[in-house]
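> Line order of the protein sequences matches chains Z and C.
Residue numbering for the first sequence follows our numbering, starting at -2 and increasing by one per position.
Residue numbering for the second sequence follows our numbering, starting at 93 and increasing by one per position.
Since the hints were made in silico from the structure, they are not lab data.
Honestly, I wouldn't trust all of these hints.
Reference listing, derived: stretches of chain Z covered by chain C, where coverage requires no fewer than 3 residues with Cβ under 8 angstroms from a Cβ of chain C [what the hints assert, rightly or not]:
| hint | stretch |
| --- | --- |
| 1 | 33 to 46 |
| 2 | 76 to 87 |
| 3 | 91 to 99 |
Quick caveat, the model's predicted, so the values are computed rather than measured.
For glycine and all other residues, C-beta sits at the position ideal for the given N, C-alpha and C.
Residues per chain, in single letters:
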Amino acid sequence: MHEQAWEQLPLWISLPVSLLLVLGGCIALIGCLGLLRLPHFYQRIHGPAITITLGAGCILIASMLLFSALETRPVVHELLITLFVLLTAPMVSMLVMRAAVYRDLRKRRARPGTKDGEDEVYPVTQTQSRGDR
Amino acid sequence: MKRLLPSPLLSLVLLFTWLLMNQSLEVAHLLLGTLLAIIAPLLARPLQPHGYARIRRPLALLRLLAHASVEVLRSCFNVSRIILFARPEGLNSQFIRIPLDMRSPHGLALLAGIINLTPGTVWVEVLPDSHELALHVFDLHDAQWWIDTIKGQYEVPLMEIFEG
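Just chain Z, with the same shape it has in the complex:
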């Protein structure tokens, strides 16, 4: 039954679905390329952001379109995936970022005067009291 549905998929569904899948795949690839190409940690953290927003978004919309057409009823529970991704992804990037910043600050405090290895330096001065959290 499913094979038949696949073959009878009208063009106006299959065209946007394929376009969205290709676009989503390309965006995800670019995000990974960012991880590969960018030299510093603070730059690499920006790569996956495009994967989780536009990349995941395109693929989820394509999935909703395709399965709604195949099963001839609205299939929208992909919205849940969107919701959970949108809720968790910002937390993760913030936590990873803070972990990196605190690690750098600690390194700088342990060996004052040495360079961090990263070009950019977190702007907080050492006079501000910041315990090792």
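Put chain C on the given structure of chain Z with help from the hints.
Quick look at chain C alone, frame taken from chain Z:
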């Protein structure tokens, strides 16, 4: 009513989530979902030190989210272009500080969510002494532009929505 339903919006979202998960509108699922939507916020209430958010201007919230989505899309293409075509050495990645006036924890949480979802910016923290936001920008051209944009386009509407 207020005691039974501390946050009607949260309850609605929970019911909606339950129905989506089960993919059905049968009475049994509706009843179970409603029960869940009433009990879960009551049980989770002690976990929320600031209480549930009160949204004073729902329309402004929708407008803000629509605007933020467009910004996310634009930033996606900008960051993709930089990753694909720019030389990594020429990138000016910087931490900047943005003075914040908003105190509402819910508003700050939503601001953090929007900023972190926008490719090219990552929220680090709100500095406790000066109440400034430390923000990392992928490719910085003009720090003042970022301060104006975040304060004008996001902070002012968020203060209207949550602090009213």
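> Does each hint fit the structure? Answer for all of them.
Hints versus structure:
1. For the stretch 33 to 46 of chain Z, the proposed coverage by chain C is satisfied: 10 residues have a C-beta within less than 8 angstroms of a C-beta in that chain, meeting the threshold of three.
2. With 7 residues carrying a beta carbon less than 8 angstroms from a beta carbon of chain C, the stretch 76 to 87 of chain Z meets the three-residue requirement, and the given coverage holds.
3. Counting residues of the stretch 91 to 99 of chain Z whose C-beta lies closer than 8 angstroms to any C-beta of chain C gives 4; at least three are required, and the coverage claim holds.
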